[in-house]
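> What follows is each chain in one-letter form.
Protein chains: 4
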Amino acid sequence: MTKLTPSAAGTFAIAPTPFHDDGRIDEKSIDRLTDFYAEVGCDGVTVLGILGEAPKLDAAEAEQVAIRFVKRAKNMQIIVGVSAPGFATMRALALKSMDAGAAGVMIAPPPNLRTDDQIIGYFKQAVEAIGTDVPWVLQDYPLTLSVVFTPSVIRKIVMDNPSCVMLKHEDWPGLEKISALRGFQKDGSLRPLSILTGNGGLFLDFEMERGADGAMTGYAFPELLIDVVRLSKEGRRDAAHDLFDAHLPLIRYEQQPGAGLAVRKYVLQKRGVIASSAQRKPGANITATAKSEVDYLLARVARLDKRANLQPLSSAAG
Amino acid sequence: MTKLTPSAAGTFAIAPTPFHDDGRIDEKSIDRLTDFYAEVGCDGVTVLGILGEAPKLDAAEAEQVAIRFVKRAKNMQIIVGVSAPGFATMRALALKSMDAGAAGVMIAPPPNLRTDDQIIGYFKQAVEAIGTDVPWVLQDYPLTLSVVFTPSVIRKIVMDNPSCVMLKHEDWPGLEKISALRGFQKDGSLRPLSILTGNGGLFLDFEMERGADGAMTGYAFPELLIDVVRLSKEGRRDAAHDLFDAHLPLIRYEQQPGAGLAVRKYVLQKRGVIASSAQRKPGANITATAKSEVDYLLARVARLDKRANLQPLSSAAG
Amino acid sequence: MTKLTPSAAGTFAIAPTPFHDDGRIDEKSIDRLTDFYAEVGCDGVTVLGILGEAPKLDAAEAEQVAIRFVKRAKNMQIIVGVSAPGFATMRALALKSMDAGAAGVMIAPPPNLRTDDQIIGYFKQAVEAIGTDVPWVLQDYPLTLSVVFTPSVIRKIVMDNPSCVMLKHEDWPGLEKISALRGFQKDGSLRPLSILTGNGGLFLDFEMERGADGAMTGYAFPELLIDVVRLSKEGRRDAAHDLFDAHLPLIRYEQQPGAGLAVRKYVLQKRGVIASSAQRKPGANITATAKSEVDYLLARVARLDKRANLQPLSSAAG
Amino acid sequence: MTKLTPSAAGTFAIAPTPFHDDGRIDEKSIDRLTDFYAEVGCDGVTVLGILGEAPKLDAAEAEQVAIRFVKRAKNMQIIVGVSAPGFATMRALALKSMDAGAAGVMIAPPPNLRTDDQIIGYFKQAVEAIGTDVPWVLQDYPLTLSVVFTPSVIRKIVMDNPSCVMLKHEDWPGLEKISALRGFQKDGSLRPLSILTGNGGLFLDFEMERGADGAMTGYAFPELLIDVVRLSKEGRRDAAHDLFDAHLPLIRYEQQPGAGLAVRKYVLQKRGVIASSAQRKPGANITATAKSEVDYLLARVARLDKRANLQPLSSAAG
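Protein chains in written order, with the working numbering: chain W, 1 to 318; chain Z, 1001 to 1318; chain A, 2001 to 2318; chain C, 3001 to 3318.
Don't take each hint at face value.
[What the hints assert, rightly or not] Within a straight-line C-alpha distance of at most 20 Å, the following computed SDA-like cross-link-like pairs (lysine to any residue) qualify:
{"no.": "1", "chain 1": "C", "residue 1": "LYS3156", "chain 2": "C", "residue 2": "LEU3095"}
{"no.": "2", "chain 1": "W", "residue 1": "LYS281", "chain 2": "C", "residue 2": "THR3005"}
{"no.": "3", "chain 1": "Z", "residue 1": "LYS1281", "chain 2": "A", "residue 2": "PRO2085"}
{"no.": "4", "chain 1": "Z", "residue 1": "LYS1291", "chain 2": "W", "residue 2": "GLY183"}
{"no.": "5", "chain 1": "C", "residue 1": "LYS3124", "chain 2": "C", "residue 2": "THR3005"}
{"no.": "6", "chain 1": "Z", "residue 1": "LYS1281", "chain 2": "A", "residue 2": "ARG2307"}
{"no.": "7", "chain 1": "W", "residue 1": "LYS306", "chain 2": "W", "residue 2": "GLY211"}
In case anyone wonders, no lab produced these hints; they're calculated from the structure. From a predicted model like this one, the values you see are computed outputs, not experimental measurements.
Please work from the sequences and hints to get the whole structure.
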């Protein structure tokens, strides 16, 4: 697998970690999920992110999941989330993932960082821990992580650490931040950097127009992300928005903090991609009412995008 | 003006506070804004909420703004946000607002509350401060206020305080909370309570189906809120969603924390309702790029909803 | 009253706001408290700080309290805490206090500030609001305010705003911060700045040795603060520590977050300085067990410092 | 080793994890530290707590450290901190520790818990994860963990989970909480529960008088904790306070958040108990000035307690 570079672009799916109903890791579903992402045309997959329930795995399991994805992925690049409360754990997973062939790793800040210096210092130490030769993605996700990066702090981290090749952008609001970073590059103060956007895709339409290189998020229809990224790059603005808007009611429903993963796993199960929608404890359930709401949204999306016209669950999963 | 009761329903607009470009309160725009809400059919207006920049006003100004809205509103009910760091300030504004004819007040929790007992105790003391005869709205908005109410805590507050007549529901995710509260009423453990939903309207379609009585939020097209509430109550599910989905791209854009108010004021200014989109310091600006994005969204909404077909700003504001 | 300058030094007492048992402001106790601070030799008094229950006062009351202290103080400098959720309220109180003769004002950051730029920008706007001619104290109190200032950010604020004349230092741990700021002055990057330390005096012994100019805190024996500041400036290290250590068990007891104010008011009442130890709601009570613990600590302090040998409460307050 | 029960009492030292200067685990110092705790008379030792830099160890290292302490401890009970972001990691360490002979485990809540139900639910799931036969200690430490337990919530957790045998009490302020819990036991609503107190020992004098069973904290002179616990139990109040007060200046210095561990390791190194005061990254350093302050405090303590009369570092560590 080729290593991640600042020229990375397109759509990287954020993969959930499939579990059996009893909480064991479902390796067959990992394989099927990896194949699915490859078939629909993802450029890469990010595993063991926040939505991948990474903290619920012990160290051996995390390694096992990462390697399983990497081995199955063939040409697709796999990025492994290695965020951890301590650098020893981060380093161990990073090295094992890279040895297995991962394209790079992703690091989120611990929630107690406050000042600019604390943030900059943390990533300097993280890079020392994993080694300066491991390409890595900086995750900027204040809603969940409660750490706020200014554009200047991101620039400082990127310029201090040549191995930082990508920003996973999911500040909210975040459009002006993309413009600010691209502005830094125009004035020569920031080197090339891939910017892929998250937040469930909720602003992907305009993020692309602001200069993002693509999407990195877990919406259960990665095909939509791929299409919007492509249409936007082709300059087909209205077409990109038309398709995006058709999915937006479901994107919005899936992007509910805490509850969203259950929706996502439910849809992926309906699509026949994973065998069970189970989460490890502590996890959020999806109620019967919520399922029927998702089904209704799927039916509405399907009026414009046939790919949302899912078979009933029994046959799809059979 | 009639006082607020648990049978309140429909659409209550959350009003921004209009300022002149130099930061003075714009009383003429208050009048025009009030008339606008009445003309489009709002059932009420909530003033001096979080989006109303209430903390930026001093005590005399807050009173002045509240009374101006109340006096102008005629038949529409006005709810006055009286949240304050201390009970003396809260009490003073509540009493003056009610004397002027307000229908009720709204109280949000201070951000330092953590335990269930702290939350319940706080509202007990707040009610003692404003008096048990003042109808009030409980604001449940964890994203901004960082205080988390369980359904049981809401029930306890409502049952302990007969003057609590309404919940401004804006937890996120929040659909199951509406179902839980309506379930409490079915099992007889919760008395009648109006539930109006906020969050910029982002989930209004399903909130109505879960049992909400209406909307209380500041989306710059209250007509849309009114229509979705009505269609949903009439059982016209597809029609409600069709109209909602047409506006969703703009609703989503307006519901960006911190940045949303600038969008809202920009649209209301474009609609000719307020003279200036200025915010008092510290306030977020709206960039030229963001304005063009909003204009683009408005044009797209207008394909399905002619009310979004706004005149160019120069003539509308003239 | 002379205005506050960067050469301010000595002991500034943080004054509680005296209330009657029913919650009304007790103006006679304000007078007696002011006289008491003058008699024991305080260089100044800070009113309406966090421990002064400032947020519980409405705007008119805050003004009334500030002016009462100022008028009574004669030669002692009065600093008025003007922190507020909005600049209109801050400005109003600052101007009225300065008009009445206050020496300066104190400003704490709102708790939502995170990045260095947000902090620096906030104080820039605050200075614009109160006017550049009003001397002010920067309050650095992360434990309660959850805003973290690096030494560099403090330097930037001080250098950007000539009217900032003093730091109320109460970071915890904070000794190295004093050394860092004094180091900035040695290398010429920071102009003269008064540093008075808070935190209930818990580290006053070493703070003086690190370069603090004095104490600004509310320990119920300001005489102790005055003596330790003086002994330390005279280079009598052991004597300073001996006296400090005699009081430390009580200092420590008084410096309990939330509960400390009740202890402080109880002791000041025992000393006959204020008529009632009542706090406005919501306030913490002091239990009978806690009172007996404080009495025990006072008796122990009195073995080395006769000033702690208080009369029984009945006669002292009579 | 006997398992932990609700009748546990006395002094449990919170052990730091000794590292070599290069960050590797120092097993010889673990042995010497364990022997030291036994020699001075500790009833038990808690390892891999927050002060034990537990999050900086990877899973294999955590297991290695826990087992090393357990094997060396002989008659002293070892409690292993097993707090982790996920239950799989918690379970793995708990089982391995208990298999090796640990007396019990300690669990702190993750910082995102807010409501009473969330807290209660979390510990229910944690007990399911580690098994209902593993005795465990509930850690109540809001200052660092930002989770607030009411006495009622603690009671509910204890009554729901028979394997919860001890509370590590370090709320601040916390004296009334001890009284409340002991009151629950008097009214029959709470079963027997060991309460050991932390917070560096800063309130140990009064905590014992309020009903604590002993101390569980990491002050570098566990002898002092042991003596105060004993004197207090013997009813020798003044003697307990006299000894406590002699150490309080140093206790206070060591109880600085973040900075305290460096002080503690420095003193333990001076005492010849651990070979290096190094912390794993990211860790706080101790400056030369701070070292001289600690040396000064030690010399002052030694006037009343000869055990603080330490040899110069070179000979002690030689």
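> Please go over all the hints and tell whether each is borne out by the structure.
Going through the hints against the structure:
Using a Cα cut-off of 20 Å, the hinted pair C:LYS3156 and C:LEU3095 is violated, with the two alpha carbons roughly 25 Å apart. As the CA atoms of W:LYS281 and C:THR3005 are separated by approximately 28 Å, the hinted pair breaks the 20 Å bound. Among the hinted pairs, Z:LYS1281 with A:PRO2085 is consistent with the structure: their alpha-carbon atoms are about 11 Å apart, no more than 20 Å. A C-alpha spacing of about 18 Å is found between Z:LYS1291 and W:GLY183, which places the hinted pair at or below 20 Å, so the restraint holds.
Simply put, C:LYS3124 and C:THR3005 have alpha-carbon atoms about 19 Å apart, close enough for the 20 Å limit, and the pair holds. For the proposed pair Z:LYS1281 and A:ARG2307, the alpha carbon gap of about 49 Å is over 20 Å, so the pair is violated. Note on W:LYS306 and W:GLY211: the hinted pairing is violated, with a Cα-Cα distance of about 29 Å set against a maximum of 20 Å.
Violated hints for the displayed structure, listed by number in ascending order: 1, 2, 6 and 7.
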